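J.: For this one, chain A is given, so just place chain B on it according to the hints.
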Amino acid sequence: MIDAIQVLAQQQSEIFEIVLLSLLVSGSATIFSALIGIPLGAWIGLTTFPGKGVLLRIIYTLMALPPVLAGLLVYLLLSRSGPLGSAEWLFTPNAMIMAQCLLVTPIITGLSAATIAGKEGIIYDHARSLGATRVQAVWTVITESRTGIIAGIMTGFGRAFAEVGAVMLVGGNIRHSTRVLTTAIILETRQGNFEMGVALGIILLILSFIVSSIVLLNAKDFDLGEV
Amino acid sequence: MNLFEITNLTKVYRDRTVLSIDRLSLERDRIYAVLGPNGAGKSTLLRILDLLEEPESGEIKFMDGQFIKAGHKSYSIARRMCMVFQRPLMFDTSVYNNIAYGLRIRKRQRREIEESVREALSFVGMEDFANYPATKLSGGEMQRVALARALVLKPEVLLLDEPTANLDPHSVQILEAIVRNHHQQFGTSVIMVTHNLFQAKRMADEVILLVGGEVVEKSAVETFFKYPADKRSEAFLDGTMVY
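Line by line, the protein sequences are chains A and B.
Numbers 4 to 230, taken from the working numbering, label the letters of the first sequence in order.
Numbers -18 to 224, taken from the working numbering, label the letters of the second sequence in order.
Fair warning: there could be bad hints in the mix.
To be verified - Interface residues of chain B toward chain A, partial, derived using beta-carbon atoms under 8 Å:
1. Leu33
2. Ala59
3. Arg60
4. Cys63
5. Met64
6. Phe66
7. Leu70
8. Phe72
9. Asp73
10. Gly83
11. Ile86
12. Arg87
13. Arg130
14. Leu134
Honestly, the hints are just simulated from the structure, not real lab data.
For clarity, every value in this text was computed on a predicted model and none was experimentally measured.
Beta carbons: idealized from backbone N, C-alpha and C, even for Gly.
Chain A extracted, bound-state conformation:
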């Protein structure tokens, strides 16, 4: 443990860079996924349409999408001969964000849909009876489902932050460019620098704890105070 702290102290600036990029990539991926996943989950949870069951099964399957497969798909999309090759995103943080979005969006969508569907009827009826318009009633259902939605966001962030296969494939673990905590741990372990690997692992856990705490503390204030 002391060795790990000494190693960290010696390489402060590079570790800071890695931590920052990890937060940026996983944070951006989670935000983009939430922007897609919450409305999509709300729509699925609140409406009935033919094929809803099939769609939900597909989403639940994608929740367990192997990171390496997500990375491979994004790799094929962004490679020179791929449909998005002209963007030249391969081996950049953008590609890593894209791959993580592919992993996180189904998680946020699926958990939001399940939470909202479980509460929809009774909350919607109460809101409507108190004079809410359809939009106001839907917003009420979403805010009242916030615990489940936030759990979905945190699960998604956790998956993105701890994931290694996809970012390794599309990011390449390039020093000062696409190296994040998880890919750095792999590299250090392969080189036999176990102290450094453990130290980075501890940083990853601490950061995850801090991010969850900040989100959960703020979530307490996010209620129906203002409709």
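T.: Frame of chain A; chain B shown alone:
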């Protein structure tokens, strides 16, 4: 003046007709108790009146001539009524925010909301609970907050779906007093579904008995209990009805 005039109303769930009312008139400024066995269509009637469900056919004429019809939702009248459910849902926030909900969605001014909520809390005897988390209240307290949340909107019609079904006798007494006081002070019309015959006797001016989705009898409360006009009413009152 009529509150509701219901004509040829039907409601079907899957293949089962749960409500079939040829004609029913309800007057303003009265308290109605809707009685009937389980599955008689009492709650469904309330949900249709509150525009939470659409009937398959028929029409309901509201006070000033507006209609609630199959396939045509008159949302303009929805805000003139309010329903209190058997198991009230408390929004996961303070008691104050729960009561302020209906006022906020009507875009009322902050000061007006504060005054109205304070008044409503006092009306239900819960002045000290404004900042208390609503989901942590007891069943009786939740039901009082649910009533305050409805009454703060000064509805012309208050729809109560077995509001005291799960409460102890003391809480029942408190809730009945709140409803009665509000009815007397503001002339609110009340339609209350209940399984409690004593409550119907205590509270109602008139009783409507529903059986199998049909109106069996509608009469003044004393007449209904003393001289039921229909054999099914007699059977319902003496507990010998088979359904």
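J.: Each hint needs a verdict: does it hold in this structure or not?
T.: Against the structure, the hints come out as follows:
no. : hint   : verdict
1   : Leu33  : 5 Å, holds
2   : Ala59  : 6 Å, holds
3   : Arg60  : 4 Å, holds
4   : Cys63  : 6 Å, holds
5   : Met64  : 4 Å, holds
6   : Phe66  : 7 Å, holds
7   : Leu70  : 5 Å, holds
8   : Phe72  : 5 Å, holds
9   : Asp73  : 6 Å, holds
10  : Gly83  : 4 Å, holds
11  : Ile86  : 5 Å, holds
12  : Arg87  : 6 Å, holds
13  : Arg130 : 7 Å, holds
14  : Leu134 : 7 Å, holds
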